[in-house]
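Q: Make the full structure from the sequences, and use the hints.
The listed protein sequences derive, respectively, from chains A and B.
Everything in the first sequence is counted per the numbering used here, starting at 1 for the first residue and increasing by one.
Everything in the second sequence is counted per the numbering used here, starting at 1 for the first residue and increasing by one.
Certain hints may be false.
For lysine-lysine, the following DSS-like pairs were computed, each having C-alpha atoms within a straight-line distance of at most 25 Å [to be verified]:
#1 K84(A) with K63(A)
#2 K36(B) with K59(B)
#3 K84(A) with K63(B)
#4 K84(B) with K63(B)
#5 K36(A) with K59(A)
#6 K63(A) with K59(B)
#7 K84(B) with K59(A)
#8 K84(A) with K59(B)
#9 K84(A) with K84(B)
#10 K63(A) with K63(B)
#11 K63(B) with K36(A)
#12 K59(A) with K59(B)
#13 K63(B) with K59(A)
#14 K59(B) with K84(B)
#15 K84(A) with K36(A)
#16 K36(B) with K63(B)
#17 K84(B) with K63(A)
#18 K84(B) with K36(A)
Covered, in the sense of this in silico footprint (three residues per stretch, anywhere, with C-beta under 8 Å from a C-beta of chain B), are these stretches of chain A [stated by the list, open to error]:
#19 54 to 66
#20 90 to 98
Part of the chain A face toward chain B, derived, beta carbon under 8 Å [as the list claims (entries may be wrong)]:
#21 E73
#22 N77
#23 V85
#24 S105
#25 E108
Hints are computed from structural coordinates only; laboratory data are not their basis.
Since this is a predicted model, take the numbers as computed values, not measurements.
Backbone N, C-alpha and C define an ideal beta-carbon position, used for all residues, glycine too.
Number of protein chains: 2
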Amino acid sequence: MAEEKPAVTEETPAAKEKPAVKEKPAAENVVFIGIKPVMNYVLAVITQFNMGTGDVILKARGKAISRAVDVAEITRNRFLQGLKVQNILIGTEEVQGERGATNVSTVEIVLGRGK
Amino acid sequence: MAEEKPAVTEETPAAKEKPAVKEKPAAENVVFIGIKPVMNYVLAVITQFNMGTGDVILKARGKAISRAVDVAEITRNRFLQGLKVQNILIGTEEVQGERGATNVSTVEIVLGRGK
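A: Okay, structure coming up:
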C-alpha cells in the first residue's frame, strides 16, 4: 500500500537554496535598510503600503542610516505623496566585532499614511 | 599681564583661512556635521551647552547624516547624560552638481537638556 505523502510540510525549494543567512523573524511592516541600492528599499516600502499596511518602519544601523533617510524621502516625495514621517528614533547598539564590542548608532523611521 | 584670549565670539584664524566656501551665517546653536572626525563635532556640541545654550541643532546632509546620529548618541551617552533628543526632522534639498541638480537628504537633530 503506497501511502501518499502529504506534500504540505515539505520545505519549498526557495527556502532550501538560502539557508546561510539566519535572520530573526521581523515584524511584517519592518524594512531593514542595508547596502543594496536605495530603490530596492523604496520598492519594498511601496509594496508594504500597497498590501494595506498602515505604517512601515525603516530600520538602519551605522552608515546605512543616511540611506534610510533617502528611502523615506524618495518614497514620500516621488511615489506616495500622502505619506508622513510619524516618528524618528535614534539609539545605540553594541555590536561584537573582531576587536571586542563596539557601539553603532541606529535609527527607526516610522512612515504612515497622512490622516 | 598676559591674559589668554577667550576667543569665544571672535572668528578663529581657521575660519579666516578658508574664505572659499561661503556659508550663510548660521544661528549660534547650530552645528553643521561634515566630514571631520565625530569627536570634533561632539566637542562643539559640549562647548555650546557649556556656554549655556538651551538646545543645540545638528544639521547634516547626505552621507554625513549617519555621523550626525553618532554625534548625538555619543554626546548624550558619554558626556551629557541629561541630554534629550527633542526633535528629529528629515528633508530633501536640491544641490547643483556638475550634471545638473540632484537631490540630497537632510537631517536636523535637536538636542536639549532634559526637564
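Q: Please go over all the hints and tell whether each is borne out by the structure.
A: Checked hints:
no.: 1; hint: K84(A) with K63(A); result: holds, 24 Å
no.: 2; hint: K36(B) with K59(B); result: holds, 14 Å
no.: 3; hint: K84(A) with K63(B); result: holds, 22 Å
no.: 4; hint: K84(B) with K63(B); result: holds, 24 Å
no.: 5; hint: K36(A) with K59(A); result: holds, 14 Å
no.: 6; hint: K63(A) with K59(B); result: holds, 16 Å
no.: 7; hint: K84(B) with K59(A); result: holds, 21 Å
no.: 8; hint: K84(A) with K59(B); result: holds, 21 Å
no.: 9; hint: K84(A) with K84(B); result: holds, 23 Å
no.: 10; hint: K63(A) with K63(B); result: holds, 8 Å
no.: 11; hint: K63(B) with K36(A); result: holds, 15 Å
no.: 12; hint: K59(A) with K59(B); result: holds, 20 Å
no.: 13; hint: K63(B) with K59(A); result: holds, 16 Å
no.: 14; hint: K59(B) with K84(B); result: holds, 16 Å
no.: 15; hint: K84(A) with K36(A); result: holds, 24 Å
no.: 16; hint: K36(B) with K63(B); result: holds, 12 Å
no.: 17; hint: K84(B) with K63(A); result: holds, 22 Å
no.: 18; hint: K84(B) with K36(A); result: violated, 32 Å
no.: 19; hint: 54 to 66; result: holds (count 5)
no.: 20; hint: 90 to 98; result: holds (count 3)
no.: 21; hint: E73; result: holds, 5 Å
no.: 22; hint: N77; result: holds, 6 Å
no.: 23; hint: V85; result: holds, 6 Å
no.: 24; hint: S105; result: holds, 4 Å
no.: 25; hint: E108; result: violated, 10 Å
Hints 18 and 25, counting from the list given before, are not met by this structure.
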